[in-house]
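Number of protein chains: 2
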Amino acid sequence: MINQDYKKMLTGKSIIRELSEYATARGAEIGYENVFDYSLGNPSVPCPQGYTDAVIDMYQNLDPMAIHGYSPSLGIEKVRGIVADSLNQRFGMDYEAKHIFMSIGAAGALAHAFRAVTEPGDEIIVFAPFFPEYHEYIRHTGAIMRVVPANTQDFQINFQAFEETINEKTMAVLINSPNNPSGIVYSEATIRKLAELLNKKQQEYGHDIFLVSDEPYREIVFDGKKCPYPSKYYDNTLSCYSFSKSLSLPGERIGYVAVNPRATDADVLAVIMGQISRGIGHNCPTSTSQLAVSQVINTTSDLSVYETNMNILYDALVEMGFEVVRPGGTFYIFPKALEEDANAFCMKAKKYDLILVPADNFGCPGYFRMAYCIDTDKVKRSIPVFKEFVQKEYGL
Amino acid sequence: MINQDYKKMLTGKSIIRELSEYATARGAEIGYENVFDYSLGNPSVPCPQGYTDAVIDMYQNLDPMAIHGYSPSLGIEKVRGIVADSLNQRFGMDYEAKHIFMSIGAAGALAHAFRAVTEPGDEIIVFAPFFPEYHEYIRHTGAIMRVVPANTQDFQINFQAFEETINEKTMAVLINSPNNPSGIVYSEATIRKLAELLNKKQQEYGHDIFLVSDEPYREIVFDGKKCPYPSKYYDNTLSCYSFSKSLSLPGERIGYVAVNPRATDADVLAVIMGQISRGIGHNCPTSTSQLAVSQVINTTSDLSVYETNMNILYDALVEMGFEVVRPGGTFYIFPKALEEDANAFCMKAKKYDLILVPADNFGCPGYFRMAYCIDTDKVKRSIPVFKEFVQKEYGL
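In order, the protein sequences belong to chains A and B.
In terms of my numbering, the first sequence opens at residue 352 and continues consecutively.
In terms of my numbering, the second sequence opens at residue 352 and continues consecutively.
Any given hint could be a false lead.
Since copy identity is lost for identical chains, a pair holds within one copy or between any two.
[To be verified] DSBU-like cross-link-like pairs, simulated, lysine-lysine; straight-line CA separation at most 30 Å:
hint: 1; residue 1: K359; residue 2: K449
hint: 2; residue 1: K359; residue 2: K520
hint: 3; residue 1: K687; residue 2: K429
hint: 4; residue 1: K583; residue 2: K743
hint: 5; residue 1: K699; residue 2: K729
hint: 6; residue 1: K729; residue 2: K359
Hints are computed from structural coordinates only; laboratory data are not their basis.
Construct the entire structure; sequences and hints are all you get.
Below, the structure is given as structure tokens:
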């Protein structure tokens, strides 16, 4: 019989998807160039030419049997080694191939990480604002998601609320820095304080608490800064990565989990994830994508457009009078709406062909998200429209 | 904390993997050409040149943003339509794009199909002999796997045992024809009888019973025959397919579920599978693989070597005195061992560098599997060795 739980999910629509579909339909009417579509987090720059060249070279010159054979379920050994080396070089870690589990994007990485370190009924703590899919990612593992309310001052961690939420059932804590939707990068001080608190709680509760660090935006940071690498600060860390944003390859579905070599059971955690794969039908990412990313492991797309767009938008939003924290990375910005009901605010914006996403689903009502992974020209053209909108609707 | 259930799985080793690893290690010692490795079901012929050409053309001539963008979680609409058309043409079905769910190989297809039509505690019936991974595929959905013993006469369905096993909790029945490990193709009579019985039981129990048809070997059939398409005979069928064997692309991880348009809730089942994806981190197969297979949808690799190998092996096994049913497809053959304990039999064969897999894990003790997806030359060279083995060890 058809599973009723999944069937019920069909009635709950994603606001992001709904707005994105509206934008596409509206674009068909008035020309998509006239729709200021800030709904979707789809990279707007091509993958590096090196990636394309690597694939063509592989298909032209290598034995098809070699490149299309089964990959081991933990990933191709050589590729896992290359990922480990690259992380060691960049973040001063000491991973070996055995600590790397190749995954089908960050979604696949998280699906394995959660299952590896929790059992049904355990609690996983998430900090608002957060990517709405975390709800479903966690719910289907059988674990329970607990939300720590946002610190809207600077979108660093609300530690007081965190201490009130953490308890003996907490087996994992999920962070996402640089953050979707706020664009905020956790400071080194935040990560240190988090690590200190988790270490204290591990001792107090007498069990491991794993830090699951969702890092797809790790390479998109602004002002020439670097994003602190959480695993450097806390041993029980599983770093979940996707090449979707840094290489503009969301369709390739390729990422990994990197297990801190000092984590409990570090040597078997990737193998455990291989077992998890058997049950969830994952069975490793595409072999050719694994081979290709390993050849461009230390490069990225030209990501500078995101910083350019952020600066234009941030300055304009501040000028218009919005309350907004300046993003340190990603391609998102997260201002406070001009009325309490962010849904109403975004519906009004729609009339001006400004597609903004209200943040109730991100666990932060009253705010809205703009995904500025679009052409800079369109960002610039959207500013006068935005000004007209806030002036006419809110008298600003 | 680390999940103890998954951790325990580490102690259970796969005999196939163990033997395959042994074969590789032994090959390093004496030259792999001297190891008659019948352990692994890895295709031994290259993918069609048309596939390689399609990928190169795509990378050389199409916009990287277009080919590497997010695929919708149900698959790329155009690709789903091409799959539907191809199935309609070949099997006289009337699928539309909405009935096709693109999946990460057959493992991904099954992971979604099981979850879509069962709830935890429901029973799924499997017929021995079966692919050992079904245990884990099913267990992790929360459903319970019930095994119908093999009909070792011809490896068609043991209907008497099936009728004794099916009950009100049976929500799905899993078949795999052409079959791994027996190589047997279910006859039209078998499929008809199965459909009739399932229809009767649906009525009796007052609920749907879905037929989950695992069909990765559908295109590898011998003697110019065709494999009956189960969905043609039973409405509540989910056909699970992988391109791994027909296009020799196991590393690409690409397949689909095709929902019979007359199945209960046919129009939403693929959408339900999209919801399931959110929880298990699947999120669609690689976009470029989807686009490439859609361009060679009606072609296959040159699969003739498998039939050549089967005939050589079958004749030799019969000549040596083995009890064996002639395979109708796949690249497996499944003889009865020459002693009751197939493990002992296979361990003795190992001494002759003949790598055979005992079938206890396939739910059929006393038999062994040979995967003859290897060079025909090696198959021929293995025969005298096989004869020496059975003569010296069993006096045949």
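How the hints compare with the structure:
no.	hint	verdict
1	K359 - K449	between (40 Å within a copy, 19 Å between copies)
2	K359 - K520	both (28 Å within a copy, 22 Å between copies)
3	K687 - K429	neither (47 Å within a copy, 39 Å between copies)
4	K583 - K743	neither (49 Å within a copy, 61 Å between copies)
5	K699 - K729	within (20 Å within a copy, 72 Å between copies)
6	K729 - K359	neither (38 Å within a copy, 54 Å between copies)
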